[in-house]
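K.L.:
Each chain is listed here by its residues.
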Amino acid sequence: MIFEYAPAPESRSVVTLRETHDLFVDGAFTPAEGGEYLTTLNPADETKLAQVAVAGSADVDRAVAAARRAHDTVWGRMPGAERGKYLFRIARILQERSRELAVLESMDNGKPIKETRDVDLPLVAAHFFYHAGWADKLAHAGLGADPRPLGVAAQVIPWNFPLLMLAWKIAPALATGNTVVLKPAETTPLTALAFAEICQEADLPPGVVNILTGAGETGRALVEHPGVDKVAFTGSTEVGRRIARSVAGTDKRLTLELGGKGANIVYDDAALDQAVEGVVSGIFFNQGHVCCAGSRLLVQESIAEELLPRLRTRISKLRLGDPLDKNTDIGAINSAAQLERIRELTDTGEEEGAERWSPDCELPSTGYWFAPTVLTGVSQSHRVAREEIFGPVLSVLTFRTPEEAVAKANNTPYGLSAGVWTEKGSRMLWTAERLRAGVIWSNTFNKFDPTSPFGGYKESGYGREGGRHGLEAYLG
Amino acid sequence: MPVPHTAFAPEATTNRELRAFLHGLPGVDEVGARARAQDLSTRSVKTTAKAQAIDLAISMVDLTTLEGADTPGKVRALCAKAAHPDPADTTVPRVGAVCVYPDMVATAVEALRGTGVGVASVATAFPSGRAPMDVKLADTRRAVADGASEIDMVIDRGAFLSGDYLKVFEEIAAVKEACGTAHLKVILETGELATYDNVRRASHLAIRAGGDFVKTSTGKVSPAATLPVTLVMLEAVRDHHAATGRHVGVKPAGGIRTTKDAIRNLVLVNEVAGSDWLTPDLFRIGASSLLNDLLMQRTRLSTGTYPGPDYYTLD
Amino acid sequence: MADRRHTGKAAKGGEGTGGGAAARVPARLAVRKTYKLYLGGAFPRSESGRSYPVTSSSGQHLANAALASRKDARDAVAAARKAFGGWSTRTAYNRGQILYRIAEMLEGRRAQFVDRAVDGQGLSRADADRVVSAAVDRWVYYAGWTDKVAQVLGGANPVSGPYYNHSAPEPTGVVAVFAPQNAPLLGLTSVVAPVIATGNTAVVVTSESAPLAAIDLAEALATSDLPGGVVNLLTGRAAELGPHLAAHADVNALDLTGAGESAVEFEETAATTLTRVLRPGPGADGGEDAWLDPDPGTARMKPFLETKTVWHPVGI
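Residue numbers (this note's numbering), protein chains in the order written: chain B, 1 to 476; chain R, 477 to 791; chain V, 792 to 1107.
Okay, chain B solo, but in the shape it has when bound:
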């Protein structure tokens, strides 16, 4: 018998879309001086969601000045306990409005409501709760007896986890007494603007948080502004390099969280069903728009023939479609440009000799969609094994010995994440010790927590976000 789940859409009525959004500077929404707006779309159906202001250099000046003023006069000198209470208050409001924010995020980003509801929003609130508690305990963070805020932090975040990346940036900055100017991604600005409203609702002093929307030029103007003391960027390695170059010779502190090409190593003694789940969530969680995605499956040859059919069967069960449907596992690709990049790279994989497989999967006729895809017969030299695809495309490679697994896993300029699947504890630790990556998930994948430092080795960037380690980026 066929058991088809009927559509179970989450209601959009919790979200009130405004036609246009202005910049959030010094506690108020104000138009950009240039008067320019960009349109943000729902990638699932290409409908227009709203217009948001494009900040220019004059707006960056204003926002940085407001942040400086707020830092010097209010926030930097406020007792930590009071700062912490603001963060606790923000965390509570985030929880109260989590349904609305989850729906808004799914609409602007294209990711399934299941993920915004069960992963993004709970983590967003958790990040504020966690960091709130640090605000009056910084002397115990192992960073000196009286660590001081750096001043104004310029923060640029990506489109894959818009509100969560905002939380990763703003919560530690504020807890440590810094003020921020944050630029959300061009294609996903709406939850950041909703967060600006939450700052107002929390009576956060004006200028402590400033949100500048815009595209690459806005981000560049922000990170290169001489008035900022700290730059924090999450995004592509290419842009990360440019930022690293631009801060050379300045006193700006820099943390970068960039790309990855994570290996998910499955040994022949792995708990197979859980390994299959981990491989699936490793690459198909958030449509593969995850810098730490397990985009390379390294499976031990002796179980490849057993694992791969199980993997295909499992992938066939993934439900692709309306991001607001509560049963959707795979949502829309965030933008036309990203879809194009995924297509191009995946085609390359095929041209280079990999075998391409996707389940029978009907793609909606409008919007940006890409079926979950597995490339087998991939070798280390293929582009799909080396370049970050940032989409739902898994490259499968095999190995024979643990040494070979580690060598292949490390054979990349990136070093953000890796997975290890084995039931043997000593082998897990042996492997984890040798993997050159900042986050190792053994017998699990894509887990995040505010207490757990996150960040990469090598070209995946530097600095850590989360945990006690993450505070260091914002204290002098």
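Since the hints were made in silico from the structure, they are not lab data. Take these hints with a grain of salt, some might be off.
What follows is a set of in silico ranges between Cβ atoms, one per label pair, in the way DEER data are often shown [to be verified]:
#	chain 1	residue 1	chain 2	residue 2	range
1	R	T781	B	E238	31 to 41 Å
2	R	T789	B	S316	35 to 45 Å
3	R	P548	B	D269	32 to 42 Å
4	V	R881	B	R427	38 to 48 Å
5	R	T566	B	D268	49 to 59 Å
Capping the alpha-carbon separation at 27 Å, the derived lysine-lysine pairs in BS3-like fashion look like this [said to hold, decoys possible]:
#	chain 1	residue 1	chain 2	residue 2
6	B	K447	B	K424
7	R	K522	R	K696
8	R	K526	B	K317
9	B	K317	B	K48
10	B	K85	B	K137
11	V	K862	V	K827
12	V	K1093	B	K137
13	V	K939	B	K137
14	B	K326	B	K447
15	B	K137	B	K317
16	V	K862	V	K824
17	B	K317	R	K522
18	R	K526	R	K736
19	V	K873	V	K939
20	B	K447	B	K408
21	V	K1093	V	K939
22	R	K522	R	K550
23	V	K827	V	K873
24	B	K326	R	K522
25	V	K873	V	K862
26	B	K447	V	K1093
27	B	K408	B	K424
28	V	K824	B	K408
29	R	K696	R	K643
30	B	K326	R	K526
31	R	K736	B	K326
32	V	K1093	V	K827
33	B	K317	R	K696
34	R	K643	R	K550
Every residue gets a Cβ at the ideal spot worked out from N, C-alpha and C, and that includes glycine.
Got chain B; can you put chains R and V on it based on the hints?
P.N.:
Below, chains R and V alone, put in the same frame as chain B:
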């Protein structure tokens, strides 16, 4: 439609071979299994899908009474309910079977004659299983002789936990033989097996010994049927089918009280074992109070109003 | 071949280099040391064959030092990379033992280093003694850090879920160190010891004007059970070697302390491969005195450590 392969004949084996086989199965990571079950439990089954699921769940119910205080009157009442769960609505399907103690089999068979509802009898010194082998076999034969179409036996958990897999295997095989044409459900009592690795091993052991179904629990031990346990058992029958082509059924029993619980089980069946198992021939739910909740939700769905419990019979 | 850009006063006195036909011939001619590079545990000349004269603070010629080339830098990176796997996987205890052994070797050569500081840097004997003592003690200090740093900088993270989660520092890899220009022994020690204490390997560009202490130090390193390639010393010019080291894709981090005016250029270059950069600190141009703090803490170790976080489910 796939049906349990009752003609399956277990191959003779040794404890050494069984141990090698069972310990050679892939492990189960507890946290991962729980996470998968939790993830599937967030599936939202609404409107038409919910209506379909409720009727399917009703047809899968093994309506159960296993009390020391059971009487022929109680059993007859249950049987009436099993054949016509909602006397006011003939579109409601009948349940899969009525599940009783062996001494109530004759009563149930009599009450259900001509309804198409099966009679399942627990046997083999249920629920502990602590009786001599000849007693267990006599228990089984008597229930079959009285007309039980299904036998729910318990495994010797003590033997299993002490590593005497051959003893467990041989008992199951012997009971299976005593069943004749009756279907055999093998109760693993997963609440006493402690780990998901053991649930997987016990499932494969029961499957290899000839069980037509693997069943989670007696209902007398807590925890009974949890979603992760059912998940692991569904994986076992799925893998056995992939390897041999033989379908074995799964029956969670104990603790499934609400429509939501039942639907979560069906989602698990659908996404883990696959649609082959979405039939009472291969999936049963052992329950007593569940049926009324299914009926109430059925009414709610068809009428749009919330029903009250007084409108459903208590049996 | 030799690149002699410095033409200081002719050396006089010493061991009979004075001119004139009537020069006094010593009863025994002293044996001079040839100053070479320290690469992969060996002491080769520069592959370029170049050398440059080193003079004392008063301008006396002291010796010719090897003038390391781009290819020497390349070889040094290769040697450091080769040594990294072994050194980084030694136990912290073992690394501590070896660093302590370096202190022992230096202690035995105190007089040599004191003389060097007096002759080369023009320090008073008392100041030289203080600097050498501090340099020896610096190795002892970092010897003690090797097996503490993971506990101080790492630990368990109480994640919200059934997972064991643990963060630990790991060495970033090959670190190119531009040693302080005006602090050739204590400054050098203070920048190199923290890099290798944590399991990194180092390619060090020494003080250009005062490189001899570095080679003296290399002789101590070579006899201290320190595996070859863990520390590689290049005497020469930061401005010449730096661009190659900063751009080298197999260099994981730069310590720009002694990079002087080139520091910004090197930082820009390093951005291409996201090489970690420690910018010159406030005391970068100071003399040995700037490095006297006996407890510099973790500040010079942290920039060359990565944090690795490992998750594992907790279940039965």
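K.L.:
Does each hint fit the structure? Answer for all of them.
P.N.:
To see whether the hints hold, each was checked on the structure:
1. For the pair T781 of chain R and E238 of chain B, the beta carbons lie near 60 Å from each other, so the given range of 31 to 41 Å is not met.
2. The given range of 35 to 45 Å is respected by T789 of chain R and S316 of chain B, whose C-beta atoms sit roughly 43 Å from each other.
3. Separated by about 55 Å at the C-beta atoms, P548 of chain R and D269 of chain B break the suggested range of 32 to 42 Å.
4. Range check, R881 of chain V to R427 of chain B: Cβ separation about 21 Å, and the 38 to 48 Å hint is violated.
5. Take T566 of chain R and D268 of chain B: their Cβ atoms lie about 56 Å apart, and the range 49 to 59 Å holds.
6. Our distance criterion of 27 Å between C-alpha atoms is met by K447 of chain B and K424 of chain B, whose separation comes to about 21 Å.
7. Distance check on the hinted pair: K522 of chain R and K696 of chain R sit about 33 Å apart at the alpha-carbon level, beyond 27 Å; violated.
8. With a CA separation close to 19 Å, the supplied pair K526 of chain R and K317 of chain B stays within the 27 Å bound.
9. In summary, the hint linking K317 of chain B to K48 of chain B is not supported, as the alpha carbons are separated by about 31 Å, beyond the 27 Å threshold.
10. Pair hint K85 of chain B plus K137 of chain B holds up; C-alpha atoms about 13 Å apart against a cutoff of 27 Å.
11. For the suggested pair K862 of chain V and K827 of chain V, the alpha carbons sit about 15 Å apart, so the restraint of at most 27 Å is met.
12. The suggested pairing of K1093 of chain V with K137 of chain B holds, with an alpha-carbon distance near 21 Å, which does not exceed 27 Å.
13. The hinted pair formed by K939 of chain V and K137 of chain B meets the criterion: a straight-line CA distance of about 23 Å does not exceed 27 Å.
14. The hinted pair formed by K326 of chain B and K447 of chain B meets the criterion: a straight-line CA distance of about 21 Å does not exceed 27 Å.
15. A hinted pair counts as satisfied when its Cα atoms are at most 27 Å apart, and K137 of chain B with K317 of chain B does not qualify at roughly 47 Å.
16. Annotation: proposed proximity of K862 of chain V to K824 of chain V holds, straight-line Cα distance about 24 Å (limit 27 Å).
17. Between K317 of chain B and K522 of chain R the alpha-carbon distance is near 19 Å, which keeps this suggested pair within the 27 Å criterion.
18. For the given pair, K526 of chain R sits about 10 Å from K736 of chain R by alpha-carbon distance, which is consistent with the 27 Å threshold.
19. The straight-line distance between the Cα atoms of K873 of chain V and K939 of chain V is roughly 26 Å, inside the 27 Å bound, and the hint therefore holds.
20. With a C-alpha separation of about 23 Å, the suggested pair K447 of chain B and K408 of chain B falls inside the 27 Å cut-off, and the hint holds.
21. Taking the CA atoms of K1093 of chain V and K939 of chain V, the gap is about 13 Å. The hint holds against a cut of 27 Å.
22. The straight-line distance between the Cα atoms of K522 of chain R and K550 of chain R is roughly 35 Å, outside the 27 Å bound, and the hint therefore fails.
23. For the proposed pair K827 of chain V and K873 of chain V, the alpha carbon gap of about 21 Å is at most 27 Å, so the pair holds.
24. With a CA separation close to 11 Å, the supplied pair K326 of chain B and K522 of chain R stays within the 27 Å bound.
25. Restraint check for K873 of chain V and K862 of chain V: satisfied, since their Cα atoms lie roughly 16 Å apart, inside the 27 Å limit.
26. Pair hint K447 of chain B plus K1093 of chain V holds up; C-alpha atoms about 26 Å apart against a cutoff of 27 Å.
27. Restraint check for K408 of chain B and K424 of chain B: satisfied, since their Cα atoms lie roughly 20 Å apart, inside the 27 Å limit.
28. For the hint pairing K824 of chain V with K408 of chain B, the CA-to-CA distance comes to about 46 Å; that exceeds 27 Å, so the pair is violated.
29. For the suggested pair K696 of chain R and K643 of chain R, the alpha carbons sit about 23 Å apart, so the restraint of at most 27 Å is met.
30. Distance hint between K326 of chain B and K526 of chain R is fulfilled; the C-alpha atoms sit about 14 Å from each other, no more than 27 Å.
31. Taking the CA atoms of K736 of chain R and K326 of chain B, the gap is near 16 Å; set against the 27 Å cutoff, the hint holds.
32. Only pairs whose Cα atoms come within 27 Å are accepted, and K1093 of chain V paired with K827 of chain V is rejected, the gap being roughly 31 Å.
33. Restraint check for K317 of chain B and K696 of chain R: not satisfied, since their Cα atoms lie roughly 35 Å apart, outside the 27 Å limit.
34. Distance hint between K643 of chain R and K550 of chain R is unfulfilled; the C-alpha atoms sit about 36 Å from each other, more than 27 Å.
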